[in-house]
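Here the protein sequences come in this chain order: B and F.
Sequential numbering of the first sequence, starting at 1, is according to the working numbering.
Sequential numbering of the second sequence, starting at 1, is according to the working numbering.
Treat the hints as calculated values from the structure; they're not laboratory data.
Accuracy of the hints is not assured; some may be wrong.
If several chains are the same, the list does not tell them apart, and a pair holds so long as it fits within one copy or across any two.
[Unchecked claim] SDA-like mimics (lysine to any residue), calculated; alpha carbons at most 25 angstroms apart, straight line:
1) Lys469 to Arg28
2) Lys358 to Arg392
3) Lys469 to Glu298
4) Lys469 to Arg71
5) Lys469 to Asp25
6) Lys358 to Asp401
These numbers come from a predicted model, not from an experiment.
Number of protein chains: 2
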Amino acid sequence: MTDPVVIVGGDAAGLSAASKLSREDPDREVIVFERGSWVSYAHCGEPYFVKGEVDTLDDLLSLSPAAIDERGIDLRREHGVVGVDTDARTVAVEGPDGSFEQPYGDLVVATGARARTEPIAGSDLTGSFTIHGLDSAAAVRALLTPPATFAVEDLGGGDNLDREMVARYGAMEPPETAAIVGGGYVGVEMAEALDAWDVDVHLFQRSELPIPMFGEAVGEAVVEHLREQGVTLHLGTEVDQLLGEDGRVARVRCGDGTTVAADMAVVGVGVAPNVEIVEDTPVELGESGAIAVDEYGETTVENVYAAGDCAEDRHVVTGEQAWVPLGLTANRAGRAIGETLAGTPTETGGIAGTAVVKAFEEECGRTGILDADEARDAGFDPVSRTITAGSRSGYYPGNEDTTVTLVADRESGRLIGGSIVGRDRAAVRIDTVATALEGGLTVDEVERLDLAYAPPFSPVWDPILVAAKVLNGTLDG
Amino acid sequence: MTDPVVIVGGDAAGLSAASKLSREDPDREVIVFERGSWVSYAHCGEPYFVKGEVDTLDDLLSLSPAAIDERGIDLRREHGVVGVDTDARTVAVEGPDGSFEQPYGDLVVATGARARTEPIAGSDLTGSFTIHGLDSAAAVRALLTPPATFAVEDLGGGDNLDREMVARYGAMEPPETAAIVGGGYVGVEMAEALDAWDVDVHLFQRSELPIPMFGEAVGEAVVEHLREQGVTLHLGTEVDQLLGEDGRVARVRCGDGTTVAADMAVVGVGVAPNVEIVEDTPVELGESGAIAVDEYGETTVENVYAAGDCAEDRHVVTGEQAWVPLGLTANRAGRAIGETLAGTPTETGGIAGTAVVKAFEEECGRTGILDADEARDAGFDPVSRTITAGSRSGYYPGNEDTTVTLVADRESGRLIGGSIVGRDRAAVRIDTVATALEGGLTVDEVERLDLAYAPPFSPVWDPILVAAKVLNGTLDG
Chain B
1 MTDPVVIVGG DAAGLSAASK LSREDPDREV IVFERGSWVS YAHCGEPYFV KGEVDTLDDL
61 LSLSPAAIDE RGIDLRREHG VVGVDTDART VAVEGPDGSF EQPYGDLVVA TGARARTEPI
121 AGSDLTGSFT IHGLDSAAAV RALLTPPATF AVEDLGGGDN LDREMVARYG AMEPPETAAI
181 VGGGYVGVEM AEALDAWDVD VHLFQRSELP IPMFGEAVGE AVVEHLREQG VTLHLGTEVD
241 QLLGEDGRVA RVRCGDGTTV AADMAVVGVG VAPNVEIVED TPVELGESGA IAVDEYGETT
301 VENVYAAGDC AEDRHVVTGE QAWVPLGLTA NRAGRAIGET LAGTPTETGG IAGTAVVKAF
361 EEECGRTGIL DADEARDAGF DPVSRTITAG SRSGYYPGNE DTTVTLVADR ESGRLIGGSI
421 VGRDRAAVRI DTVATALEGG LTVDEVERLD LAYAPPFSPV WDPILVAAKV LNGTLDG
Chain F
1 MTDPVVIVGG DAAGLSAASK LSREDPDREV IVFERGSWVS YAHCGEPYFV KGEVDTLDDL
61 LSLSPAAIDE RGIDLRREHG VVGVDTDART VAVEGPDGSF EQPYGDLVVA TGARARTEPI
121 AGSDLTGSFT IHGLDSAAAV RALLTPPATF AVEDLGGGDN LDREMVARYG AMEPPETAAI
181 VGGGYVGVEM AEALDAWDVD VHLFQRSELP IPMFGEAVGE AVVEHLREQG VTLHLGTEVD
241 QLLGEDGRVA RVRCGDGTTV AADMAVVGVG VAPNVEIVED TPVELGESGA IAVDEYGETT
301 VENVYAAGDC AEDRHVVTGE QAWVPLGLTA NRAGRAIGET LAGTPTETGG IAGTAVVKAF
361 EEECGRTGIL DADEARDAGF DPVSRTITAG SRSGYYPGNE DTTVTLVADR ESGRLIGGSI
421 VGRDRAAVRI DTVATALEGG LTVDEVERLD LAYAPPFSPV WDPILVAAKV LNGTLDG
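Given these sequences and hints, build the entire structure.
See the structure below:
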């Protein structure tokens, strides 16, 4: 009898693989080891749970335990995989009832990524949080809720929730001032969430602009908008330590020695792939430090696959491996590996680095390669133009400025990246650019796209067409 | 000295050509003959002017007379071109000061299209309108406005407006019941506009569903929504006559002899290309009845170009000529011809038949080929699937059902068309499909597009990805 498929990690990639495989090949035994108690939950919804727009933790669960059972998946929570022997084809597992070796026929590493805290000393103080896990999101919401109206039961989450820890935060007085350390996705989304609780928000960003992966034009628009919303920005400011009083966050210390008072801190200075379990194996990591895989998600070791935030993917613009840990990629790669293991070799699909984020009312999007150095490293000669145009016909109510940046390779004219920012349906428009990247379109072809026009939704020349027209004019010259 | 470039028609295509040419080659003489008094106005904004969301007619003018002057364009209003002699290279013009022959070096036919009224007897009654021109839009708004609050000056439009006619409508009592004959774009948009004035709206559509070019799924959603909004639908009902009392519309008579009372009527039963001026010339028409052109917009006669609603274009899916009279195409083709005439041969670009329309709160989009017969005629073996999925993460407020249809060719797997309907950012998402058509993507490639995901804007699997996944599953089988 074949040894089971062992999947390490019970979130998006792992459970997508398990679900697809169990549907396509119900006879194949599948075991999923998850070291924590939560499985298959929506990371990206955490800021909105903190804000209170999403009621309970249960709303963030994609698959109920019952649904997982129904699919015939043998899911073992609180089981950490601590080692892999790719010769013997076994994993070493530590569970509530002790340690054991589990043989595998195929192994899927879907261990995800973790929020980095090591750059910020004092991240372990009471009142310091990462937004990377439901317990921690629940703790932040508990702290924000006045004790008189807080009840841990209101948060949902059943037995998985660390109720004792959360209740402790629920008993504390809400903060007046919050420090957000890091102006990436989490930082910008948490600024909105904390502001909704009338907390005085300070956002610290090491570089000169927040969400630097979205490029300058988006970053500048977000700066202006965050300030309008009353967020205090500390740009070009490195935080090196959280300072405590009686074990609780009290101040933030910056690299230049100045300090800023804060009753709580959210640390969002990036994520790191969880690759420890393959570190002493022949499974190779890519340049990014995440696990290298081929187009089917298979690692450098036969029968060992990797998917999701711990793995690389092929970038559709460069054709090279890249690490862009985001939700869709994890789901899709997991699903493809499930299909492959069920007997239908299926490519995991490329990534374009498409991402969108809401910064209060500003909708921000990006895809492909925006950074000039990164473009040059990939062998392109980047030319970029930024334009601002209306989101609707100028005479139609609700028309909003929409700023688009497009980047092309000078010699081939090929579009290699783009960004967008605006308040009226800006984010989903980035999909047009992402699709053009997949199609390998030139700027000339993008300029002639037959995009939708009707006064309530778009001007005659969609902002993306305007940007293509201007960039194309540059390339012609 | 070269004879001037003569452009017939002063709207989107004609003035785009004139503007581009005068910018790129300021020394070339350009004359634009426009038979009416209005130039360069936004047709598509008329329903919103009638509704009152757009204040004045002036808001709908894209180029002011001053701006046209500034560009050095010799624009002659009230000058109708009544004939073309392609051998002598002259056009016969009838202007306010009599008739004359105008020699041309290059001729651009941009005569547009007209609303068809000949299928509906009685269309000339007082209280019957087409929404194809600013005078008629102004007349409808005048009629809807209670006489006590109406002032023709409030509508703007300066000297171009037929003030006498509009004032006559302004003095009439507003209608209680309106018949909209034809459920195309104009019909659906006018239903919303008239409803906003508390008129009891009856919409008559010959086929079983409105906006048939958007396919069944969209049509059904629109039917449901129009009924929710209180619009009375008469589907599968052909109107053959408007019946008058004292010269004013009083009833609508259907093909089966039944009649429905109505104080006013909007006739929107399609448009026809204005091709009369080339009818006795060697300039050939395509199968559609519009003017046939090559990829540069040149007709079958050298030095004679055609652009906009009177001309065909190359369809990006079939590669064949097709007639899809819409705003972006007109602007783009005009502009390309202007560039070509200035010495830089520029393709007009293909059309995908992308269109969007707002039906009250429903956003509808379509692109490519949806109709199975049309697909088969073009040599495809069409397979189609329709799905409904959320517009945002299920737990995020504002998530709305979004219905997507995708159509592919069975053998090649190539995507050939799609439609979408929903209330949350549905319309602009059709651009993703339009871009995939331009890129010639297969359904497999569409399924693997790296589209944007963030809870406020899209679920992990965007509705378009869900549709591609389901359709791809069918193709695999």
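When Cα atoms must be at most 25 angstroms apart, do Lys469 and Glu298 count as within-copy, between-copy, both, or neither? The answer is between: 22 angstroms across copies meets 25 angstroms, while 41 angstroms in one copy does not.
Between the shortest in-copy and the shortest cross-copy C-alpha distance, which are at most 25 angstroms for Lys469 and Asp25: within, between, both, or neither? Classified as between; 19 angstroms across copies, 50 angstroms inside a copy.
25 angstroms Cα cut-off: does Lys469 pair with Arg28 within a copy, between copies, both or neither? Between copies, since 24 angstroms is at most 25 angstroms while 54 angstroms is not.
Could you place Lys358 and Arg392 in one of the four classes (within, between, both, neither) given a Cα distance threshold of 25 angstroms? both (20 angstroms within a copy, 13 angstroms between copies)
Checking Lys358 and Asp401: alpha-carbon separation at most 25 angstroms within a copy, between copies, both or neither? Both ways: Lys358 and Asp401 sit 16 angstroms apart in one copy and 21 angstroms across, limit 25 angstroms.
Intra- versus inter-copy proximity for Arg71 and Lys469 (alpha-carbon distance at most 25 angstroms): between (51 angstroms within a copy, 20 angstroms between copies)
Figure legend: structure checked against the earlier numbered hints; every hint is met.
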